[in-house]
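Chemist: Chains as they are written, first to last, in our numbering: chain G, 805 to 1149; chain U, 805 to 1149; chain S, 805 to 1149; chain V, 805 to 1149.
Worth double-checking, as some hints may not be accurate.
To be verified - Listed next, the in silico EDC-like pairs over lysine to aspartate or glutamate satisfying Cα-Cα at most 16 Å (straight line): (1) U:Lys952 / U:Glu976; (2) U:Lys871 / S:Glu1065; (3) G:Lys871 / V:Glu864; (4) S:Lys810 / U:Asp1082; (5) U:Lys810 / S:Glu1065; (6) S:Lys810 / V:Asp1082; (7) V:Lys810 / G:Glu1065; (8) G:Lys810 / V:Glu1065; (9) G:Lys810 / V:Glu879; (10) V:Lys874 / V:Glu912; (11) V:Lys810 / S:Asp1082; (12) G:Lys810 / U:Glu976.
What the hints assert, rightly or not - Okay, the calculated bits of chain G under chain S, using three or more residues with CB under 8 Å as the criterion: (13) 859–870; (14) 1057–1063.
The hints are simulated quantities; they were obtained by calculation from the structure and are not laboratory data. A virtual CB, placed ideally from N, CA and C, is assigned to each residue, including glycine.
There are 4 protein chains.
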Amino acid sequence: MIIVLKPDATKEQLDGLMELIEGMGFEYNLSEGVQRTIVGVIGDEEQLRDAPLTAMPGIESVVPILKPFKRASREWHPDDTLIEVGSLTIGGGNLAMIAGPCAIESEEVLLEIGESVKNSGANILRGGAFKPRTSPYSFQGLAEDGLKILQSVGQQLNLPVVTEVMDPRQVELVERYADMLQIGARNMQNFNLLSEVGQTRKPVLLKRGLSATIKDLLMSAEYILSNGNEKVILCERGIRSFDNSTRNVLDLSAVPNIQSESHLPIIVDPSHATGRPDLIPSMALAGVAAGSDGIHIEVHCQPEKSLSDGPQALLPEQYTAVMKQIRSLTELFGKVIPAPSDTSA
Amino acid sequence: MIIVLKPDATKEQLDGLMELIEGMGFEYNLSEGVQRTIVGVIGDEEQLRDAPLTAMPGIESVVPILKPFKRASREWHPDDTLIEVGSLTIGGGNLAMIAGPCAIESEEVLLEIGESVKNSGANILRGGAFKPRTSPYSFQGLAEDGLKILQSVGQQLNLPVVTEVMDPRQVELVERYADMLQIGARNMQNFNLLSEVGQTRKPVLLKRGLSATIKDLLMSAEYILSNGNEKVILCERGIRSFDNSTRNVLDLSAVPNIQSESHLPIIVDPSHATGRPDLIPSMALAGVAAGSDGIHIEVHCQPEKSLSDGPQALLPEQYTAVMKQIRSLTELFGKVIPAPSDTSA
Amino acid sequence: MIIVLKPDATKEQLDGLMELIEGMGFEYNLSEGVQRTIVGVIGDEEQLRDAPLTAMPGIESVVPILKPFKRASREWHPDDTLIEVGSLTIGGGNLAMIAGPCAIESEEVLLEIGESVKNSGANILRGGAFKPRTSPYSFQGLAEDGLKILQSVGQQLNLPVVTEVMDPRQVELVERYADMLQIGARNMQNFNLLSEVGQTRKPVLLKRGLSATIKDLLMSAEYILSNGNEKVILCERGIRSFDNSTRNVLDLSAVPNIQSESHLPIIVDPSHATGRPDLIPSMALAGVAAGSDGIHIEVHCQPEKSLSDGPQALLPEQYTAVMKQIRSLTELFGKVIPAPSDTSA
Amino acid sequence: MIIVLKPDATKEQLDGLMELIEGMGFEYNLSEGVQRTIVGVIGDEEQLRDAPLTAMPGIESVVPILKPFKRASREWHPDDTLIEVGSLTIGGGNLAMIAGPCAIESEEVLLEIGESVKNSGANILRGGAFKPRTSPYSFQGLAEDGLKILQSVGQQLNLPVVTEVMDPRQVELVERYADMLQIGARNMQNFNLLSEVGQTRKPVLLKRGLSATIKDLLMSAEYILSNGNEKVILCERGIRSFDNSTRNVLDLSAVPNIQSESHLPIIVDPSHATGRPDLIPSMALAGVAAGSDGIHIEVHCQPEKSLSDGPQALLPEQYTAVMKQIRSLTELFGKVIPAPSDTSA
């Protein structure tokens, strides 16, 4: 950690600072420059991070040198982490192709969609039983009935299933039915929920918040990891920006950016990012080309009749078309879309 | 609701749309322009909002005409809403002056800060017992012990107290000790938590999320109101932007903007918005001049030793100075800073 | 254009509005709904756009139905526009691969870089002679000397050249030496400069401003087109956002988004967008997969000695590697990277 | 300047770095920490700023310690700078109250507005002769005819006048007629225009760009100052954000933030920031309370008939009302709104 003194800092202030640093058990290195005096603190930055140094008189700025996340970092775990979702292994070149409707509406509809996306190459089925809706008057999901339908359809199709959990009180319930727990963008900094899913053994799909930096996202992953659950898959799903011609801005540079900082898999969700079916296929391809570890797409047989977020879903035939192109890309890049193994055998 | 057809929409697509509208029990008004055909739907827009019309072929755009919030709107309740917090009445010209440390650290420290801010004119004491920290390794608050200290100090000083609740499972506990429940910026769209505090009878201080629009904030208020709790005080505390010379950008136009849309009180928090003690006083004054219903400021006797967010706190003497200026402003604008009535009598 | 009246608008206000509309020679269609009265204006929206209707009493909002750009729109020109840059044709599946140093430093350095990128497959050479630097104390470019070097190297290598023009007074000069004129992001709304390059016959590479919406970018293109120059190539180069781990956020959805709105070619610049050489290759590949009409990459033989923006440049061998992958992608997608024809014959 | 090495940097890389630093004539201070080695460079940071150190192998990050602006900084000029605009002195507690229409339409209209705002207390008259319009089809201003009208009305009313200059070629012309030159938000980084107005002797009103940081704004001021013109007044006029319920977000913390960094006056423009007349008065008051050196408001007698930006203008009676409140505030804060002295005597 680097501490920069104000040009008019007094000797007393500098002495006070050095006393504080020594009192915390650190060494330091003093560098008196032409225009500023700089103090480099030597030791575990973690312990210094909470000391409100900038509140001390005479200090102009404090520059952390290390990343605030540890278990999520590449330094902690240099190799790509592989994560088991049901019978699949995701990460390190094995892509998660997650597809399904926004909300679970009925077993019949989910089964029809699920069969279709599986035939097109999807390897994980998604569907919401608890829906975070901005309006209290909108459809809020089928709750446990939805979870039962999801589990049943997943078993019929031999596909692992993922669904969102919104509340620490739901974790135990959702864990019983789902192969992977999703934390939605609006709950990315719901720290109590993060701690709770950190105590399960199920993998977690952690979506980036609408105004979360890469560091924020990795700090939220750190909450899960530090609670004992090492199975975290990150998901870029668009950030808020000033142009309302798309719902959000898909930040694809987050993919290589995160891969340089962290060992965790990172997938891309062009459905929520754009909110526009006409843009989803090209953004899915761009996501694969950017090096992501998977693609998450909403698919609905009758988007115009869906109970939630219909306009952003692809039709099954559109999903088939984009999956065909994605497979060409994965071959080109030497990546694999694993198929769920037949666990009933 | 206005539906705009694509220039190449077919007669079949238009017929299908009109059939759907009639099937939902609405009337419509057809306007064939030179370049576009437009369908105006007549009826309760609420029911139409969830119909995914943009997913239908031939439709270019759907323009809602009404606001998606109802109970939070001025149309629902034209007069300013007055809200009782302990023995205070806030709103309609009665300002909430909320002050106190970021986190509750000990009864001794809280009492010292509380006495000081009360003497300077604060009428509500704040302090965090559950802290939403971006790092799992940071101090997370004293939990119930902190709540007990807060209640005790509030009673000793005859000041209503407000503290954050982060988890639906904490609501009952926090409600027992606090006069007002705070929902933090990161939980503004934690819809289950909103529903839960909507079922209490305690007033709620709802902070704007870092990337929440005015509409988003009012929709979150709607969650609380529609669950039966009509006591919601909104709080502008800065939004994310591209300039990192302040922590966030304080959006003071949110004050008159919200007041034109909603009857709920709206206060301003310059501490979290700027993260810089040197900017807090002028932003507090600007908040009062903008017409806000109160100011929220963090105060700490020894910011450099605080366990959380020290750098953004004012010293007691700085708070005294800014309160003196605020009182001049409130007199000028004909506003009142009510003092808690002596409820022990 | 749709005009929504306030719920409390008077009959006089409605009459005044209808009179104004008729006075401007338009027809209208009145739709009195349950909660709002709506007036649909029939006629050329262009003429109505400047009438400050929202300033009239009784009017809640005015909703334009048509796009404000005309010549830049797909409706005006349904097919992709092909643009000749020197001996190349760009657009409609023919990709521009623009490469070269940030600033022109000397003929020797530029020739070395130019030969290298040409061998790797670049078909347009870039280099700045006038540099828009945020600091007045930074290197500002070699001006006309730089233009001469650029032209000379372009002729030696038989590569068309592109360079930035920053000032209306430079247009004539730059036009004399360059095959394509670049308008930088900071000048995207320098309307006098746009008008001036609109009067040349050279193609223009128009970069998206740091906070420009898609509509803003197309309106700036409209300035050039409406002045008579139909040769505009757009360039996505990142927008400002809240995360400073990259210089900007590359908005790749702008590619299909613009292609749905406009007939103009759109290329991608991952160098300026990310400012990080480690992210440039994957963002270049993602740009091709997103369907862009070209890629713009800065290349320098000794980035650590360059006079401007060195850190964001690729080394020649890195450029060779990414171009090899790009060629595989273009083959997969059926696109072509045209080679400049030998015009000396 | 602080240089942080990567954890796996080699001795050769460190040696190369130290050689480079010494070769540029600097000293350094080496600090080998537990997790990182840090090099503090001692000497004039200005010369190091352009060296692309981050492109060197083994370097993780480079942290500048000093501000990149010099003449605009408080360190350069500790006292507030006072600037003469016509017969007025602005800055250091003397507020500029700038008012007038968006565009100059006719002498009759401008005189009517000018008389009204002068009677209400405005001390500088504004009006646009060259208009930066996003659409090439919108009214672009009366050019020199407008400048003549502006000068004539200013002389009749004994008010200094300010008007925008958009093009280096217009500077000489505009300088002839106006008492202050305005650089609009879209031209804040039009560096050639900045250099040109830096060579005049007229004061410059420099508006903050839509996505400019405080540092960016001060760097643009530095362009003017370093060209020899020391009379720069800054203007906060709103930045781009994600909420479209106002045109931009007025960043009032920019006022004290800039005052802590710079000696230049900073005024506030709530008209362009909000684009909503209902929000302008409270934002003007908040601007004064924030400590600004003036307020810029658009006023039009018939906003619904104005040729440009009518909806954001106040009516003269609305301006009178807000000026009455502003005067109460300035008295409270001990500020002065100077009246132009009678220069005809």
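Chemist: Taken at face value, is the distance from the CA of V:Asp1082 to the CA of S:Lys810 at most 16 Å?
Modeler: 15 Å, holds
Chemist: Taken at face value, is the distance from the CA of V:Glu879 to the CA of G:Lys810 at most 16 Å?
Modeler: 11 Å, holds
Chemist: Run the distance test for V:Lys874 versus V:Glu912: straight-line Cα separation, threshold 16 Å.
Modeler: Distance of about 45 Å is beyond 16 Å: violated.
Chemist: Does G:Glu1065 sit within 16 Å of V:Lys810, going by the straight-line distance between their CA atoms?
Modeler: Holds, because 13 Å separates the two Cα atoms, which is no more than 16 Å.
Chemist: Is the straight-line distance between the alpha-carbon of U:Lys810 and that of S:Glu1065 16 Å or less?
Modeler: Within the cut-off at roughly 13 Å; holds.
Chemist: At least three residues with a C-beta closer than 8 Å to a C-beta of chain S: is that true for the segment 859–870 of chain G?
Modeler: violated (count 0)
Chemist: Between the alpha carbons of U:Lys952 and U:Glu976, is the straight-line distance 16 Å or under?
Modeler: 14 Å, holds
Chemist: Under the criterion that the straight-line Cα-Cα distance not exceed 16 Å, is the pair S:Lys810, U:Asp1082 satisfied?
Modeler: 43 Å, violated
Chemist: Regarding the pair G:Lys871 and V:Glu864, is the alpha-carbon distance no greater than 16 Å?
Modeler: 12 Å, holds
Chemist: Is G:Lys810 close enough to U:Glu976, meaning Cα to Cα at most 16 Å?
Modeler: 48 Å, violated
Chemist: Between G:Lys810 and V:Glu1065, does the CA-CA distance stay at or below 16 Å?
Modeler: At roughly 13 Å apart (the allowed maximum being 16 Å), V:Glu1065 and G:Lys810 satisfy the hint.
Chemist: Holds or violated: U:Lys871 and S:Glu1065, Cα atoms, limit 16 Å.
Modeler: 29 Å, violated
Comparing the model with each earlier hint shows violations of hints 2, 4, 10, 12, 13; every other hint is respected.
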